[in-house]
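Asks: As given, the protein sequences belong to chains A and B, one line each in that order. Heads up, the first sequence is in the working numbering, so the first residue is 1 and it goes up one at a time. Heads up, the second sequence is in the working numbering, so the first residue is 1 and it goes up one at a time.
These are computed hints drawn from the structure, not numbers from a lab. Be aware that one or more of the hints could be misleading.
Partial list, computed: chain A residues near chain B (C-beta under 10 Å) [to be verified]: (1) Lys149; (2) Val241; (3) Arg262; (4) Ala271; (5) Met294.
Simulated pairs of lysine to aspartate or glutamate, EDC-like, Cα-Cα distance not exceeding 20 Å [unchecked claim]: (6) A:Lys257 with B:Glu634; (7) A:Lys260 with A:Asp12; (8) B:Lys606 with A:Asp12; (9) B:Lys646 with A:Asp165; (10) B:Lys646 with A:Asp19; (11) B:Lys646 with A:Glu181; (12) A:Lys257 with A:Glu106; (13) A:Lys260 with B:Glu636; (14) A:Lys29 with B:Glu634; (15) A:Lys285 with A:Asp165; (16) A:Lys260 with A:Glu27; (17) B:Lys606 with A:Glu181; (18) B:Lys606 with A:Asp19; (19) A:Lys257 with B:Glu636; (20) A:Lys260 with B:Asp633; (21) A:Lys29 with B:Glu625; (22) A:Lys257 with B:Glu470; (23) A:Lys29 with B:Glu636.
These numbers come from a predicted model, not from an experiment. For glycine and all other residues, C-beta sits at the position ideal for the given N, C-alpha and C.
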Amino acid sequence: MSPAAIDLDDDDPVVAEYDVFITPELEEKAYLLQYLNRSKDQPYNYRKQMQPMEMRIKENAGFIEVDVPLNVHYNYNRVKGVGWGEALRKAKDDNQTAFGVASGFERVNVTRGGGAAGRPGRSPANHGGLDMEDDIDDYLRRFDDANEKGHVLNKQTLGGQILKDEPGMPKYMLGTFRGNELHLTRLDGIVQMRPQFHHIDAMAQQEIVARRRERDAADAPKASEPRAVQMQVKSADGENVEQDSTKKFLRAAHEEKWTKLRYHDEDSPEAYALYNEKLFVEDTKSAPKLRSSMNNEEYLDAISAPRIDPSDKVGKKRPLTRKQMHAADESDESDDSDEGPLDPSSDPHMMDVDQDGARTVAKGA
Amino acid sequence: MPPRGRPRGGVRGRGRGRGASTVAENPAQPTEESESSALPVETTGTASNPDPIGHSDTEGGIKITHADNSMPDAPESQPEASAGQPTQPSTNPAPSRPPVQRLDSLKNSTVGASRSASPTSRGTSSARGKKPLTRQPVFKGRRSKEEREALAQETLERERERRAEREAETRRINRGFGRGEWRGRGDRGRGRGGYMRDNVPVSGPFSLGRSTAGNEASRRVPTTSTSGGSGSRPRVKREMHGRYDVEEEQLRRSLGIVVKQEADDGGDISSDDDDPMLGPRKDIDQIEAVDNSDDDGEEEGLADKRKKSNGPPLMLPIRIPRKEHHERVIGINTEASSAASAKILKQAEKKGDSSSLEAIESVTRKGKAKVKDVEITDIRRPYKGMWQDPDSEDGVIRIKDEPVSDDEVITVPESIAIGAGDSTQNEALKQTGSSPEAEKKPHKGKGRQGGRSSMYDSNPSLQTEEERQEWSRHQFDLSEIRRELGQTAPAPATAAADQDGDTPMEDGEMKPLDIKADRVYLFQFPPIVPDLWATVVKKEPQDEAAPIITAADQTPIKVEDGESKSASNVSQSSGPTLASGRAGKLRIHESGRATLNWGGTSLELKMGINPHFLQDTVVTRITPENQRVGPGDEGEALGFGQVRGKFVVTPDWYEIVG
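The shape of chain B in the complex, shown without the other chains (with noise of 0.2 Å):
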């Protein structure tokens, strides 16, 4: 059989065009075009041939062809959708073209059907060693064109439906409003339904969120429709496959380009190593264990698995990063170091979103399986927005305004409190027409919060980069209170509470929108936390965050006896005696330091670590036995939702101590 030993050369050829094209695509093209053009001719007899083994080339030819033609289209489009995009244009040209052309096309195979042309490939690979046999089982000749018609509208269908149901699907989740999801990560909008539901009315075939449906019908596939005839489908041809949408499905049945769909087909069925068991194949990069997660399907699988992106996927080995060796740099111009930490805290911060920059990264490097990161980021940026986003301003605000050289400052505290003096004095005056407790502050502020100012927001000098790294994790921390709490005041107000400290809090009351409604968060108290008792008496007139001093001018006997009670009950009892009622305050300043006033005492709050596994939380109502109507009335657990986040408590030591 001639043809037999031809495609062998072609198979060589594709084989050096697939390499091409992992490294260069499109470069790789011209230059192996014109080499290859000495085959065509032969392969032309070829390509018209019917029978069974003949035909898997045709195939290859015909694929390939259009891979080839979207050549033109193809060095416009993302580099990084190679995979299948660019076929799609081409489809209708491609009957147009010679035969040579197609055969040029077999040997480049490369651009965009670069994985489009490896199970073609292969099987001609094999037709050159083991013949035919393998692939006859598989493959029972061409349909026919009921068969074919019957297939296409049976995906139509099935798209159709799916589409109905991800819409109701989007539609009721749209309706609960999910709680759950710890900042930065905030998912609110990349519910399960929010891409999947905007990538289907995309349209445009280089547009990102085609692609991401087309993985997303692709990946149904193989569970779905067995009908399909193509026991093993390779994920690229699947992928141009599920590329179809479903007008363009109809566009292309109109024109008669069913038949190139079913070549598609036709590569599929001829690559013969791919057992239908062993399902798409996948980038190992991608590859989960086993995620038992998804009920829903695979499409679920996958959204998670590129969520995986995000953090660490749990259960897997994890590969630890590569990073590179930065020498012990120390320094002692504290200027550079503020400068570079600027830059860390920049990058701490960042690294929230992580997520974000690795997608960019990795899409570009890894193609299309990551890009439905990037829609990710695209939903979240606005999302985050909404919290009045304080990333560019608190990080530069923060370590440009400490003018104070700090070395001085925290052994010399007095000093400062001169220099302070007047601002806090400034302060003062601000609060003192609406808060009772802006009066006291003067009293003690002076040496205190001169000295705690410059412990916090002053710019340490930084020895070592361990020392900056956890400068500015610490600077992260504090940004991450201030933008999860701070934010009472709304976003428009922060220009009002700059020149006046108390605005926010007013304004915090209208805040139509308020990320931490209907969120539970951890709260992690010391050991040893002071019991709250509820006082009798009503005339306290503040919420005094330093007591020390004003609180006992009025209540020094009431502290005693509440305290004489707990002197006894703080060592032994497992935990204190909260009463319920109103405890104190929590304050959150700019600098995203939090202080918490304990009934009195001075807390002071700090963001906990922020893990990556999930953590919910629940409450479980048990009937009791005697009122207990049938077997399914034991109890209820009602699902609070995700932990949002972790604040851990403890003694504010610069109120305590200092």
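Isolated chain A, as found in the complex (with noise of 0.2 Å):
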């Protein structure tokens, strides 16, 4: 057959088949990160020296985040980025590890009065202002040195919430090729990467502090204890469930810790072997044969909105098949079939596989 014949009558031939596996559920979870700041051009990995530092997972509060390095060498404020960096470093030491809505917006109580005993090396540091510009000054005057140190923030958090399947909404999975098969993997959660500032926050935290000391230095710790236990009673009290929902949850993000993961590359031989252990079926010999719980028209029914047809005495929600569609096409062109052209070439077979359907659905329904 030449090929001007084929253009003219070739009915869109098949150019590439796979066989399309469902692969086992995953013990590991499966995420996609959406880092809606980044241009495709510059992923994250080890090729592009943007390998993450670290992840961390509250995996029951549902939220991510991963630390991206930052070039403190080029566009970058030394003076700023040493004052954050020693925020984050000293709020870290004060036990405050997350901020933000991952850690449910609580600070960590920072221990007053006795927290300067309990940790005697750094209380120098934070009794006044000025000790700790004349900090930075240092830092900012050997900043390489200080860099190493961990007293500059040398890197940016990014985060966000895990979003799972929810019933309506889209469901995805991962798409797999080797060779001529396809295998889908179930994704656990969307989770949309911002940037997180936690910095910001840490200053915030590390003013408060400071501010705090300052007056328990001046007169004895006015205990807000009383205040937090009318909070929990009017909470007891709360009517509001919606509002008590999200305390709850907030709450759980705050008492869940972060998980550190250890981050592998894209490139890593680990990540390759996971790769093709976890989002292949193993045996694809063996595999069984999956059947769909629903053949189209039983699709085609679920996904429509119901039917109620009111002339219909048998049931409510019973669905016009085909050939009925086609019938009251006939008698009746106002009819609500509007579901396209009808094919007249049905076989009474496929009658009675439709009623049987229908029948079912209606049962189920």
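Take the two lone chains, each set in its own frame, and fit them into one complex as the hints suggest.
Replies: Structure below.
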């Protein structure tokens, strides 16, 4: 057959065919991280020298954070960088490891009074703004050294909440190809990774801490515990369910500790090994054949809005089969069969099946 | 001080020259040269003046000298590279030139040195008003020969180190096989080391690579060498500096031309309005607000920045490109519209690698800074070629090959069913040998497939520009699918594929290089997806794409009981119950239409949106609490790379409804 003839006659031949496999459920979780502020030309990977330094996850609360390196020698404000770096470092010393919503917006109650004693090494630096500024000046002078020692904000934190499958929302799967096989793996969540400004939170917190220390130094600590108790009482009274659930959620977020994950770059052998192991059906030969729970008719019905036909006495939601629709269409053009052109070539077998299917649908529904 | 007055004149001339250079580089020259010839004599004296003030003039003279000398060479050079390159070859003749000419060049600093001249002129201009004071603190007189040599040596060393580093980097990178990039953009060859290494060995002053290498080196200078003695290094200067390749540097030194280089530095020094803190000057179009991304230094940043021409730089305001307004055209002529849409389609396809187009454009427009884009496309093209580059054939064929008049077809499917009947039968005949489902096709094929093909492939009558654009987008998506997934058929086998629809599938497995391998794709399924259950019955003969008729014969009962379970499941559970196993077949058609047999339900695959932000996939494995060894053993996260593409799975309406 000449190509020209094919052009004319061929009814869209199949040029490639893949066997589609569904992989078994992973014990691992697969997430899609969307770095909304990052161009895809600049992936965070080893090749680009931008391999994430650390990944943290709060699996139950549903948060993920990634630290990516920051070039402190280019377009970098050292003064700010040192300031924030120091604030973060101190906050960490105060056991505040998470900020923002991922920590339920809660601050670690910095030990007051005794706090300085508890960390004698740091106490002078915390006392006055003057000392701190001196420190910063010092760090600025020996910037590289300070950077190595962790006084400089040399990473950017990106984070977000894990969005899981929801009814009524699209489902996502990861597809991987191997030869002429396509393997689909359930995606456990999508995370929109946005910049997190923990360093600023940390700065604010440091200010608060400093202020409180000053106050503490001035007069005896006036505890705010009673107030906290009052709060609890209120929430116990809590009539507002929504508020309650939010509170619960935030508390859960606060209470769950970050799980630190060692990050393997996409080009690392570990990643390849897991990729090949987990995203493919191991034994494709003996993989059981899957059958859809619905045929096309039923599927159409499942995705359609419930059809209510007042004239139908038998069952309210009983769908019209193709043949019925056809018949209806012929008898009455104004029928609600808006499904498009009808196929006149249905055979009797089909009719039976469709009715069976329809009946079961009606039963189920 | 007499010299002071003179430079003023020189400055003015230079300024003019610069202005001219930006507009019309070479042409501007001859006129100015003649005009400026009056001045030289006076300035000659200045040139020899060793004192700091005069010195800057000297430098200006010298520097521009080579700019000027380069003129003979410059015209051949690419216009876009005007800024620095031509200066190089000129260096040798420079000393032999009479001073007068140097001064000429002062005025005409234009061509090659359009920018390199600027610092000097600025320096002098400041001299005019404020006197040398501004300059003095920075400049400490001529460097001794040893100093110069040491400097040169240092640069050389650094260059060597850097190169070694770079090579090591490249090697490492090349070892790791990148998965990640989105098609079209596929930058496997574009990895950081890729072009950078390429550039180094390229020799010849006009090679594009050189200029990029020059950029690299030059940009790196400020961080690495503060010892250079010149705090402020306007970009041009550095370009010239950086352009020196190692060998060339050696050559220069052997020829005693280092002086020249030093003169460059001197020129740098004299530019007092460049605060060292400000860093290199940049083309305003290329300035990134804050690009924190680079870990490795400016080179990375540069590379990334350059790449940004592909898409909008993120976190920055986006300038909406200006488009000429076209009147809304309403036409009924399908012939014309098809031609137009073909054109649009092609444009759309091009858009996939629009960066190449843009790059070329911008290169001509913006000059050197964009030169790298050319590099990139050079690399990318062959890469795309590897997957059989359907650009050319796809668009054309698709639109050409539908002789059927579309309007009628849609309304009267029967008519085409007759017409298409033999075609489907032909296909059926072809397929009988290999696939069992082929036998079934003709059953229901006529009406439906005829109708579908008309809906899909024929060129609809497009009335408005918008429709045409939509159509072209649709076609582009199809071609993307075809290009991405249709390539189980290896490039050489396409001919065979045309004759026999089955061959490509067999060949596919043997294909040595699969772009899809090791990548991850994202599949979006509709909110309601049929559950998949493992069937116990072994003897299912086929995965039938259209199960309604055929499957009905064999598995009515099975469908039922699966269904009864699902009826409740689907509506309530958050996700479908998907057992593991063989779900069915994904078939890519010639047109780019892709059908997915989902265990008997007909679904269809379409291209998803292609966002410009980064999407990574990651798999986390958390070590159970009781198995943790230490604090570092809480778990692992394994990157699987960027999502290469997104597909949207929808119900196959042509099967389900049609």
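Asks: Hint by hint, note whether the structure agrees.
Replies: Okay, the hints, checked on the actual structure:
1. For Lys149 (chain A), the interface hint is violated, since its Cβ never comes within 10 Å of a Cβ in chain B; the closest pair sits about 18 Å apart.
2. For Val241 (chain A), the suggested interface contact is broken, since its CB lies about 22 Å from the closest CB of chain B, more than 10 Å.
3. The criterion of a C-beta within 10 Å of any C-beta in chain B is met by Arg262 (chain A), whose closest approach is roughly 5 Å, and the hint holds.
4. For the restraint placing Ala271 (chain A) at the interface with chain B, the shortest Cβ-Cβ distance is roughly 4 Å, inside the 10 Å limit, so the hint holds.
5. Interface hint at Met294 (chain A): satisfied, since its Cβ lies 4 Å from the closest Cβ of chain B, which is below the 10 Å cut-off.
6. A distance of roughly 11 Å separates the Cα atoms of Lys257 (chain A) and Glu634 (chain B); the hinted pair therefore holds under the 20 Å criterion.
7. About 51 Å separates the Cα atoms of Lys260 (chain A) and Asp12 (chain A), which puts this hinted pair outside 20 Å; it is violated.
8. Pair hint Lys606 (chain B) plus Asp12 (chain A) holds up; C-alpha atoms about 16 Å apart against a cutoff of 20 Å.
9. Restraint check: the Cα-Cα separation between Lys646 (chain B) and Asp165 (chain A) comes to about 17 Å, which is no more than 20 Å; the hinted pair holds.
10. A hinted pair counts as satisfied when its Cα atoms are at most 20 Å apart, and Lys646 (chain B) with Asp19 (chain A) qualifies at roughly 18 Å.
11. Using a Cα cut-off of 20 Å, the hinted pair Lys646 (chain B) and Glu181 (chain A) holds, with the two alpha carbons roughly 17 Å apart.
12. With a C-alpha separation of about 13 Å, the suggested pair Lys257 (chain A) and Glu106 (chain A) falls inside the 20 Å cut-off, and the hint holds.
13. About 8 Å separates the Cα atoms of Lys260 (chain A) and Glu636 (chain B), which keeps this hinted pair within 20 Å; it holds.
14. At roughly 15 Å between alpha-carbon atoms, Lys29 (chain A) and Glu634 (chain B) fall within 20 Å of each other, so this suggested pair holds.
15. Note on Lys285 (chain A) and Asp165 (chain A): the hinted pairing is violated, with a Cα-Cα distance of about 30 Å set against a maximum of 20 Å.
16. Using a Cα cut-off of 20 Å, the hinted pair Lys260 (chain A) and Glu27 (chain A) holds, with the two alpha carbons roughly 18 Å apart.
17. For a cut-off of 20 Å, the pair hint linking Lys606 (chain B) to Glu181 (chain A) stands: about 18 Å separates their Cα positions.
18. Taken as a hint, the Lys606 (chain B) and Asp19 (chain A) pair is honoured in the structure, with Cα atoms around 17 Å apart against an allowance of 20 Å.
19. Using a Cα cut-off of 20 Å, the hinted pair Lys257 (chain A) and Glu636 (chain B) holds, with the two alpha carbons roughly 16 Å apart.
20. For a cut-off of 20 Å, the pair hint linking Lys260 (chain A) to Asp633 (chain B) stands: about 8 Å separates their Cα positions.
21. With a C-alpha separation of about 17 Å, the suggested pair Lys29 (chain A) and Glu625 (chain B) falls inside the 20 Å cut-off, and the hint holds.
22. With a C-alpha separation of about 49 Å, the suggested pair Lys257 (chain A) and Glu470 (chain B) falls outside the 20 Å cut-off, and the hint is violated.
23. Using a Cα cut-off of 20 Å, the hinted pair Lys29 (chain A) and Glu636 (chain B) holds, with the two alpha carbons roughly 11 Å apart.
When each numbered hint is compared with the structure, violations occur for hints 1, 2, 7, 15 and 22.
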